[in-house]
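J.: Read off the chains here:
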Amino acid sequence: MAREEKCIYLDNNATTPTDPRVLDAMLPYFHTMPGNPSSIHAAGRKARQAVDSARGRVSALLGCRSDEIYFTSGGTESDNIAIKGTCFAQEERKKIITSSIEHHAVLTVCEYMQKFGYELVKVPVDRHGIVDLDFLNRAVDDHTLLVSIMHANNETGTIEPIQKIIEITRRHGAIFHTDAVQTVGKIPIDTNALMVDMLSLSGHKFYGPKGIGALYVRRGIRFDPLAHGGHHERSKRAGTENVPGIIGLGEACAIALNEMTAEELRLKALRDRLWQSIWEKIPKVSLNGHPTERLSGTLNFSVEYVEGESMLLKLDLEGICASSGSACTSGSLEASHVLVAMGIPHALAHGSLRFSLGRFNTEKDTDAVINVLPGIVEKLREISPLYQR
Amino acid sequence: MSVYLDYQSSKPVDPRVVEIMLPYLHDKSGNPSSLHRVGDTATEVLEASRAAVARFIGAERDEIIFTSGATESNNLALVGHALRNKDKGNHIIISEIEHISILNITKYLEKNGFTVSRVPVDQFGRIAIEKISERVTDKTIMVSIGYANNEIGTIQQIETIGRLCRDKGITFHTDAVAAEGLIPIDVKRDNIDLMALSSNDIYGPQGLGVLYVKKGIRINPLIIGGGQERGLRSGTENIAAIAGMKRAAEIMGEEMATETKRLQRYRDRLIEKVLDLVPRSYLNGHPTLRLPNNAHFRFEGIEGESLLLSFKEKDIAVSTGSACSSKTLEPSHTLIALGLLHEEAHGSLQITFGRFNKDSDLETLLQTLPQIVKRLRKLSPLYKWEV
Chain A
1 MAREEKCIYL DNNATTPTDP RVLDAMLPYF HTMPGNPSSI HAAGRKARQA VDSARGRVSA
61 LLGCRSDEIY FTSGGTESDN IAIKGTCFAQ EERKKIITSS IEHHAVLTVC EYMQKFGYEL
121 VKVPVDRHGI VDLDFLNRAV DDHTLLVSIM HANNETGTIE PIQKIIEITR RHGAIFHTDA
181 VQTVGKIPID TNALMVDMLS LSGHKFYGPK GIGALYVRRG IRFDPLAHGG HHERSKRAGT
241 ENVPGIIGLG EACAIALNEM TAEELRLKAL RDRLWQSIWE KIPKVSLNGH PTERLSGTLN
301 FSVEYVEGES MLLKLDLEGI CASSGSACTS GSLEASHVLV AMGIPHALAH GSLRFSLGRF
361 NTEKDTDAVI NVLPGIVEKL REISPLYQR
Chain B
1 MSVYLDYQSS KPVDPRVVEI MLPYLHDKSG NPSSLHRVGD TATEVLEASR AAVARFIGAE
61 RDEIIFTSGA TESNNLALVG HALRNKDKGN HIIISEIEHI SILNITKYLE KNGFTVSRVP
121 VDQFGRIAIE KISERVTDKT IMVSIGYANN EIGTIQQIET IGRLCRDKGI TFHTDAVAAE
181 GLIPIDVKRD NIDLMALSSN DIYGPQGLGV LYVKKGIRIN PLIIGGGQER GLRSGTENIA
241 AIAGMKRAAE IMGEEMATET KRLQRYRDRL IEKVLDLVPR SYLNGHPTLR LPNNAHFRFE
301 GIEGESLLLS FKEKDIAVST GSACSSKTLE PSHTLIALGL LHEEAHGSLQ ITFGRFNKDS
361 DLETLLQTLP QIVKRLRKLS PLYKWEV
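Sequence order for the protein chains is A and B.
Under the working numbering, the first residue of the first sequence is numbered 1, with each subsequent residue one higher.
Under the working numbering, the first residue of the second sequence is numbered 1, with each subsequent residue one higher.
Honestly, the hints are just simulated from the structure, not real lab data.
Be a bit skeptical, because a hint or two may be false.
Claimed, not checked - Pulled from the structure, derived: some chain A residues nowhere near chain B, Cβ distances all over 10 Å: (1) 31; (2) 79; (3) 143; (4) 210; (5) 229.
What the hints assert, rightly or not - Derived lysine-lysine pairs resembling DSS-like cross-links, with alpha carbons at most 25 Å apart: (6) A:284 <-> A:268; (7) B:314 <-> A:236; (8) B:88 <-> A:94; (9) B:111 <-> A:95.
As the list claims (entries may be wrong) - Which bits of chain B does chain A cover? Going by a derived footprint, with three or more residues having C-beta under 8 Å, they are: (10) 4-10; (11) 112-124; (12) 221-230; (13) 239-246; (14) 306-315.
Beta carbons: idealized from backbone N, C-alpha and C, even for Gly.
Let the hints inform the model, and build the full structure from the sequences given.
T.: In structure tokens:
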């Protein structure tokens, strides 16, 4: 545990620290206020009221009704319920459309449904990571059950044009699901105005606790539960409610609703300044993701002639935590499927680095990167057989 | 001063556990899949907790899968095993008094081509081993029997059931949520293949569970994606809760022997006093083979709900049965399985003691309970005797 000293944390797309205000809201529900919301004694009733109130705060952030929110254990479970649940609730339509840059939680489930006779189409993206709307328009037909396309990509931060995607989807009566774990709490989402049918969110991606998430399901959309048991979450998600987690998620939503507009501007300024400096100080770097339609805190770029993993390790030694792609695959040696889908050559995809800034980052953190990264890249390039000055 | 006597429904997290969790809830919260040092710390916590939970039940570290709770663990065990092994057979044996999650999961499996036998229990809630063995066919792939019942507290002869299953090559699953932390569980001694645990039931945090999967037992995952938990349970690990469960398992391992003696004293005194002080009162469940913290009574001529409301006025939290069904008007399926009539089942009261109860809680209950029963009986048209 020698390496446990504090680090400069710039990996907020992987997971965010829990906001102290969220933690304060949760703490009473661990010990001093026990109670199973299904119990009818006073302790149970208090837990039930707290859960209901949190549900209201989640729905306020999403512009939906509180009975359209189902609490889950996280984004992955929400994605599993959304996709498997809609498929198993019907038999008429047998086609699923997704994009080639989805998170594994969506891709794996969509691929799994092929075993049950579903046709799967993956919509390609352009070099900025925006889904090909013409392709989508041709792919969606009357056999299409579900279109599942993420709101913003976790690796590049590119924000998809979901309003247009939804228009196309609705034309054929298909259901639209979006994995919005990267956008909820960061950019405004109005599920009602957008006519989203299903939306997954995760607490720990916007300063809430881990182990809690939610699935928004528009009223009238049919889906089967994944876990069976007691009549929790209107019989759609069995299991005793994670009361502290739910309270924490509610608090995270309330904070985001108040603060996200100003916070996005702050992060954008911080990020743009960081990129500007990197661009000026390091030759042969290129931005990955959309130049403007992008999450304010996300900066993904490729450094020619250098391996992303090597940069990560060097940064780690300097006390800076970053990522070379999605946390779920950064342990593997394959190039990011997202960058490859965007047409970025393998060599460059392997040389990618992601800084994702968040609520607790300041200029001091980005300055630290600017101070050490050029030197790290220079050293690594010196030992690279590919690099010629 | 409120008195909490419903530890079966929900347990306060031990303050020592909360303390351990705090740093992970804030600045140490990494994603174990990340390569940097914050991710490394998260991985260490994950593996250390896996080892502690394994020690607690006599398992190996890599036989522990973290889930979001016992209901998910039961789903993963039953659905995951059934779907993975459907080429071997489609028959599953459970009992009539299983937890509602097991009942509803098996109903779902029945809709999907599986057949389910439900073994009856005796008047104490015990399952006779012959009742299981006579239902085994060459299509039987799994037996699922709860370690102890969550309502009446009756403990099953798990080791013998496990032996029967092992001899016949059938996978044995047990929902051990009601029993964990109250009686010693050893998956090897008990011949268990799959076992669901909940973190909160050993005073760990809510929203975390475990499925023990014996080496060699094959199951399909329920939640897929990033491939965490050896592909059996995807989703970013709930590190703070996992750190909490480690501490909870350690504390339980150290304190269980002494603590259960204390709880058993409360239980025995309560049972003795109530049966003595309250006429026409009866104990549900087994007189001796029951969880050390569980007392479950029925009182002639009284509705459980009116009992609950009377206790609520006195700020005492008790239960009429499983929290998962306590809001429905149906009598408990467990009590009906014992052979009780509907009106008898409705007059039941469940008291479960736990770590934070003090002598004074028992005394408050003993002072209140007989009076409440007396008052309700005076008002009851059902009670035919003199109060």
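J.: Each hint: holds or not?
T.: Verification of the hints:
1. 31: The claim is violated: residue 31 (chain A) sits with its nearest Cβ about 5 Å from chain B, within 10 Å.
2. 79: violated, 7 Å
3. 143: Label holds. Min Cβ-Cβ 24 Å, cutoff 10 Å.
4. 210: violated, 4 Å
5. 229: Contrary to the label, residue 229 (chain A) does not stay out of reach of chain B, its closest Cβ about 3 Å off (not over 10 Å).
6. A:284 <-> A:268: At roughly 23 Å apart (the allowed maximum being 25 Å), residue 268 (chain A) and residue 284 (chain A) satisfy the hint.
7. B:314 <-> A:236: The given pair, whose Cα atoms are some 35 Å apart, is violated under the 25 Å limit.
8. B:88 <-> A:94: violated, 29 Å
9. B:111 <-> A:95: holds, 24 Å
10. 4-10: holds (count 4)
11. 112-124: violated (count 0)
12. 221-230: Satisfied; 7 residues make the cut.
13. 239-246: holds (count 3)
14. 306-315: holds (count 4)
This entry does not satisfy hints 1, 2, 4, 5, 7, 8 and 11, going by the numbered hints stated previously.
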